[in-house]
Amino acid sequence: MNPQKTSDPVVPPAAHRYLCELELEVKRIPGCNPEEAISDAREFLLSDYDALVRSAELPDDQSHYDLIVESFGTPKEVASQYKSATVPTPECKTPGHAPGWRICCTKCGRSAPLAAVGGTRIGASSVHKYILGYCHDCKRLRSMRILQDLDQSNLTEMLDGNVTTEQLRKNLHANVPKLVLKILLLVFSLQLVIFLVVGGIVLLSLWYSGVLGASELDSRTAQHVAIDGSTLLQTVSLVTFEQSQDFAKVGENLEQAVMNNYAYRDRLGIDWKAKFKQFAPRWRNCKNDLFAPKGPQQISPGQRPGKRRITIPIALKGQNKSIPDIPFVERDTMSLKQSAEFILECQLLVMFGLSFNVEHYGLDIRLANRERAISSLPVEILKRTTLCLNPL
Amino acid sequence: MSDLTRKFSKELNSGTAALALLGILIKSKKPMYGYELGMQLAGISDDGLPMNQGALYPVLRSLERAGLLSSQTEPSTSGPPRRYYSPTPEGKAEYRQWCLVWQQTRNWLDSVLETRNEPTENKRSGRTSSRS
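Protein chains in written order, with the working numbering: chain A, 1 to 392; chain B, 1 to 132.
Chain A with its partners taken away, still in its complex shape (with noise of 0.2 Å):
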């Protein structure tokens, strides 16, 4: 062994037709590897060539090239003698229609016309695309990839130099596994920079606006308070009667909230000490429950207490006749402009998962004959059963 790097070998004129002739005869058997195929017999070739410039017996183009048979079989025998070397691929009971196509294995080169494993593809404006297969030399699952080149020589070319096999299927076939993992992770990353930004604003925003120091205004409370100023009448009577029949004490805990907590209070513009002030000798001087009883019927026309019975929210209910059935929540719809938040706040790697959701879909595509609703041309259909999982 000599582990001294050379120059590059000169492949002479009727080597590298040979080589050429015996790659297109190889791509053609499914099961051979053409690249294992062709470097075999460049090796032979360019040891035999140096043999014969040593021995200064040059011959000419064709002469060498009858040689070249005489000495290592006729492209066709050679490429006999691989395919009986190699694991036979499953039968195909229905070949498809695919020239000029193969597929072959990213991992270890097996390689098969793809119209002999059951693919059909026509007119596809793809150069290249990868599925997942079994592959019976690996004896495992691995990235295939159909390319066309059957009918060509690129592999002779590729393999030019101190190219190895190896290095060949690394430089030609992309790691999809990898591939697929790096775009995962970006997108992942993506999403996180996204959820954390968003969600920093979002926080900052709350936190501007007051609302976070809110939080310990007890939640039923903060939302009667958030009602305009002309049912606040309402409102405390509701809040009185929730809490304990300390009228007065109620309602200085309501005015404390409101001026100190309330998120609303300068929206609103209401003059909230005025309507305090307003109220104040009311509840002060409240005795009963009977704390606001023209209240339903102002705002309710129709509704009196004790005569009709009265619809009391789901979260109010039982606690007291007096509540009139009037929204406490306020409305606030949504303009077209502000539907961009929406799109911020859905998932993105939902994305992902739509290539799942529309995988079926497939099984309704069918030739332009009119027996589906989805027809299409024959440009691209996989036989599933053959080439899914099991093309070489």
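Calculated directly from the structure, the hints in this document are not laboratory data. Please note that a few of the clues may not be correct.
Facing chain A, from chain B, some residues (calculated, C-beta under 8 Å) [stated by the list, open to error]: (1) Gly34; (2) Leu41; (3) Gly54; (4) Gly79; (5) Arg82.
DSS-like cross-link-like pairs, simulated, lysine-lysine; straight-line CA separation at most 27 Å [as the list claims (entries may be wrong)]: (6) A:Lys277 <-> A:Lys249; (7) B:Lys92 <-> B:Lys7; (8) A:Lys76 <-> A:Lys178; (9) A:Lys139 <-> B:Lys92; (10) A:Lys178 <-> A:Lys139; (11) B:Lys27 <-> B:Lys10; (12) A:Lys93 <-> A:Lys76; (13) A:Lys76 <-> A:Lys107; (14) B:Lys10 <-> A:Lys83; (15) A:Lys107 <-> A:Lys178; (16) A:Lys107 <-> A:Lys139; (17) B:Lys7 <-> A:Lys83; (18) A:Lys93 <-> A:Lys83; (19) B:Lys10 <-> A:Lys76; (20) A:Lys83 <-> B:Lys29; (21) A:Lys249 <-> A:Lys170; (22) A:Lys76 <-> B:Lys7; (23) A:Lys170 <-> A:Lys129.
Beta carbons: idealized from backbone N, C-alpha and C, even for Gly.
Place chain B on chain A using the hints.
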């Protein structure tokens, strides 16, 4: 050589090539590459190699795939990178088994070919005596 003879030769050599390659690699004590193996096999006999050199490489690949040989690619000074093959322990163990099988097959074939030359009358008398 007729087509039938060529076919017979090919079928015969397909099995024996693996045995010959494994044997020569075990005896050589050092890794060898395809061309070197072919030259050595061709030089053993005056008749040369009974098969094409191209038939050796698929056999080497299948032996490697079966785990009987291991290979390593090394750059060369006068050509493309060469794949050097060496036998694995499993290959050495398998080689001993194959030699025994080959001995049995050769003995059986020799005896078959020898009996063909015997006179047919002896055979007939033998058959009649065994029936009686």
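Right, here's what the structure says about each hint:
Taking 8 Å as the C-beta contact cut-off toward chain A, the hint placing Gly34 (chain B) at the interface holds, the least distance being around 6 Å. Because the smallest distance between the Cβ of Leu41 (chain B) and any Cβ of chain A comes to about 13 Å, over 8 Å, the interface hint for this residue is violated. Because the closest C-beta pair between Gly54 (chain B) and chain A is about 4 Å apart, less than 8 Å, the hint holds. For the restraint placing Gly79 (chain B) at the interface with chain A, the shortest Cβ-Cβ distance is roughly 4 Å, inside the 8 Å limit, so the hint holds.
Below 8 Å, beta-carbon pairs count as interface contacts, and Arg82 (chain B) has one with chain A at about 6 Å; its hint therefore holds. For a cut-off of 27 Å, the pair hint linking Lys277 (chain A) to Lys249 (chain A) stands: about 14 Å separates their Cα positions. Pair hint Lys92 (chain B) plus Lys7 (chain B) does not hold up; C-alpha atoms about 30 Å apart against a cutoff of 27 Å. Only pairs whose Cα atoms come within 27 Å are accepted, and Lys76 (chain A) paired with Lys178 (chain A) is rejected, the gap being roughly 38 Å.
For the hint pairing Lys139 (chain A) with Lys92 (chain B), the CA-to-CA distance comes to about 24 Å; that is within 27 Å, so the pair holds. With a C-alpha separation of about 20 Å, the suggested pair Lys178 (chain A) and Lys139 (chain A) falls inside the 27 Å cut-off, and the hint holds. For the hint pairing Lys27 (chain B) with Lys10 (chain B), the CA-to-CA distance comes to about 25 Å; that is within 27 Å, so the pair holds. Annotation: proposed proximity of Lys93 (chain A) to Lys76 (chain A) holds, straight-line Cα distance about 25 Å (limit 27 Å).
At roughly 26 Å between alpha-carbon atoms, Lys76 (chain A) and Lys107 (chain A) fall within 27 Å of each other, so this suggested pair holds. Distance restraint check for Lys10 (chain B) and Lys83 (chain A): the Cα-Cα separation of roughly 14 Å lies within the 27 Å cut-off, and the hinted pair is therefore satisfied. Note on Lys107 (chain A) and Lys178 (chain A): the hinted pairing holds, with a Cα-Cα distance of about 13 Å set against a maximum of 27 Å. A distance of roughly 11 Å separates the Cα atoms of Lys107 (chain A) and Lys139 (chain A); the hinted pair therefore holds under the 27 Å criterion.
A threshold of 27 Å between alpha carbons decides the hint, and for Lys7 (chain B) with Lys83 (chain A) the separation of about 16 Å falls inside it, so the pair holds. Straight-line distance between C-alpha atoms of Lys93 (chain A) and Lys83 (chain A) comes to about 20 Å, which keeps the hinted pair within the 27 Å bound. The hinted pair formed by Lys10 (chain B) and Lys76 (chain A) meets the criterion: a straight-line CA distance of about 14 Å does not exceed 27 Å. Distance check on the hinted pair: Lys83 (chain A) and Lys29 (chain B) sit about 30 Å apart at the alpha-carbon level, beyond 27 Å; violated.
As the CA atoms of Lys249 (chain A) and Lys170 (chain A) are separated by approximately 80 Å, the hinted pair breaks the 27 Å bound. Taken as a hint, the Lys76 (chain A) and Lys7 (chain B) pair is honoured in the structure, with Cα atoms around 15 Å apart against an allowance of 27 Å. For the suggested pair Lys170 (chain A) and Lys129 (chain A), the alpha carbons sit about 16 Å apart, so the restraint of at most 27 Å is met.
Of the numbered hints stated above, those contradicted by the structure are hints 2, 7, 8, 20 and 21, listed in ascending order.
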